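Student: Chain by chain, the residues run as shown.
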Amino acid sequence: MKIWGARGSVPSPGPETVRYGGNTSCVQVTLSDGTLLALDAGTGIRSMGLALAEKERRINILLTHLHMDHIQGLMFFAPAFDPTSEIVIWGPEAPDASLRDRIARYISAPLSPVEVRELPCHVSFNEAPHTEWEIGPATIRAASVTHRGPTLGYRITEGDASLCYIPDHEPSLGADLAVDGDEWISGVELARGATVLMHDGQYTSDEYSQRVGWGHSRLSDALLFARRVEAQRLVVFHHDPLHSDDFLDVFHGSAVERWSDLGGAATELEFATERRELLVDRAPPSGRSS
Amino acid sequence: MSAGQRPVELILARSLLATLSTPSFLVDEEGIVVFFNDAASVLLGVRYEEIGRMGPEQWGTAFGPLDRSGQPVPLEELPLTIALRRGHPSHARLRIRSVQGVESEIEAAAVPILTVQRTHGAMVFFWQVDER
Numbered sequence: 001m002k003i004w005g006a007r008g009s010v011p012s013p014g015p016e017t018v019r020y021g022g023n024t025s026c027v028q029v030t031l032s033d034g035t036l037l038a039l040d041a042g043t044g045i046r047s048m049g050l051a052l053a054e055k056e057r058r059i060n061i062l063l064t065h066l067h068m069d070h071i072q073g074l075m076f077f078a079p080a081f082d083p084t085s086e087i088v089i090w091g092p093e094a095p096d097a098s099l100r101d102r103i104a105r106y107i108s109a110p111l112s113p114v115e116v117r118e119l120p121c122h123v124s125f126n127e128a129p130h131t132e133w134e135i136g137p138a139t140i141r142a143a144s145v146t147h148r149g150p151t152l153g154y155r156i157t158e159g160d161a162s163l164c165y166i167p168d169h170e171p172s173l174g175a176d177l178a179v180d181g182d183e184w185i186s187g188v189e190l191a192r193g194a195t196v197l198m199h200d201g202q203y204t205s206d207e208y209s210q211r212v213g214w215g216h217s218r219l220s221d222a223l224l225f226a227r228r229v230e231a232q233r234l235v236v237f238h239h240d241p242l243h244s245d246d247f248l249d250v251f252h253g254s255a256v257e258r259w260s261d262l263g264g265a266a267t268e269l270e271f272a273t274e275r276r277e278l279l280v281d282r283a284p285p286s287g288r289s290s
Numbered sequence: 001m002s003a004g005q006r007p008v009e010l011i012l013a014r015s016l017l018a019t020l021s022t023p024s025f026l027v028d029e030e031g032i033v034v035f036f037n038d039a040a041s042v043l044l045g046v047r048y049e050e051i052g053r054m055g056p057e058q059w060g061t062a063f064g065p066l067d068r069s070g071q072p073v074p075l076e077e078l079p080l081t082i083a084l085r086r087g088h089p090s091h092a093r094l095r096i097r098s099v100q101g102v103e104s105e106i107e108a109a110a111v112p113i114l115t116v117q118r119t120h121g122a123m124v125f126f127w128q129v130d131e132r
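Heads up: the sequence lines are chains G and F, in that order. With my numbering, letter number 124 in the first sequence gets 124, and the count goes up by one each step, no holes. With my numbering, letter number 34 in the second sequence gets 34, and the count goes up by one each step, no holes.
Simulated from the structure, these hints should not be mistaken for laboratory data. A couple of the hints might just be wrong.
[Stated by the list, open to error] Take a look, some chain F residues computed to stay more than 10 Å from chain G by CB distance:
no., residue
1, Ile11
2, Ala18
3, Val46
4, Arg47
5, Ile51
6, Gly55
7, Glu57
8, Arg68
9, Glu77
10, Arg86
11, His88
12, Pro89
13, Gly101
[Stated by the list, open to error] Distance ranges between label pairs, derived from CB positions:
no., chain 1, residue 1, chain 2, residue 2, range
14, F, Val129, G, Ser260, 51 to 59 Å
15, F, Asp38, G, Gly149, 23 to 31 Å
16, G, Ala97, F, Pro89, 23 to 31 Å
17, F, Asp38, G, Leu262, 28 to 36 Å
The structure presented is a predicted model; accordingly, all values stated were derived computationally and were not measured. Where a beta carbon is used, it is the ideal one built from N, C-alpha and C, also for glycine.
Construct the complete structure from the given sequences, taking the supplied hints into account.
Tutor: As structure tokens, this is what we get:
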């Protein structure tokens, strides 16, 4: 997998965010047979589209929800403007309109110069099923999680390796992660035992106290959640736009301490960084920067 | 959703009810009481944590509900049953009995918890009424 955008809420370019990156949520997953997935279509998907080879023209995009920081890059995804591309977009269902119509609220005037029907690629829209489904050699599972509006987390399993992606999630809303049973904790079933868990860790505890109910996690809850579900590795994701590289370095240091207190090894925890690549394998994942 | 975790809609409903001073309880899609709040425990005479989840027969035996003549109200006529089975809100005046045997007349309103695909459960709000 490769992280093309790890920022939450709004793109945050600038000299203070060059290391962790300013693009919003997008993670490329390449399955063993070359099948391509994009987890969310924040502004990071623009770079992903530019980096894809000519032959890579069938792409499944799994949207967790339709907030702007998760779809804004769709209009700038190069394969969407290539008539040889086939793009399948998955996302949460909602009672008011189809996934296609809800995305068209963005890809339409006055927000966009083109309409969905004008996209040159072959594009289709699917509400994520409530049962598992297959894409290439992987099994995909989606589940609703606590966030503002219809929101999914995804679990992609191939062989005995699994990636669980829950970038926007507030599992402690109305629940005590240290006390309540599993039945009352959002996301537990989806994330249990994942090889890699990518999870919202946007806020400090002080910030969270002013933002309860906004749909995001304080770092301490992300750590507790990851330990609780016994994820093999945690990648803290959806960095707050106000958090600079220097701040995130310090924040990461505090996370390692807390993680250690919870019984985790420092090598099992990292903060998502743009362009970071990870091999998701049952063995301890290996990382390389590009 | 496989065994273990509740649907997120029930998780959020429980969170809401736990913060309210309106007596209320939460049932899952099978009509099993999976939570009631502290305000409800005042009328029921017991805290949820003391008795845990209960099926319809259990809470029917424990708390009634009864009609004005003191007879048990058939399950299918209860607001929560209507909310679960028909998917719309329902309201009724009932009598309930606390675990100490104290009867109270209440108004009860049940609201189904619906998502696009199905009914996940219901919330039932109730309050004691002046019997005069």
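Student: Compare the structure with each hint and give your call.
Tutor: Going through the hints against the structure:
no.	hint	in the structure
1	Ile11	violated, 5 Å
2	Ala18	violated, 7 Å
3	Val46	holds, 20 Å
4	Arg47	holds, 16 Å
5	Ile51	holds, 16 Å
6	Gly55	holds, 16 Å
7	Glu57	holds, 22 Å
8	Arg68	holds, 37 Å
9	Glu77	holds, 29 Å
10	Arg86	holds, 18 Å
11	His88	holds, 15 Å
12	Pro89	holds, 17 Å
13	Gly101	holds, 31 Å
14	F:Val129 x G:Ser260: 51 to 59 Å	holds, 56 Å
15	F:Asp38 x G:Gly149: 23 to 31 Å	holds, 30 Å
16	G:Ala97 x F:Pro89: 23 to 31 Å	holds, 24 Å
17	F:Asp38 x G:Leu262: 28 to 36 Å	holds, 31 Å
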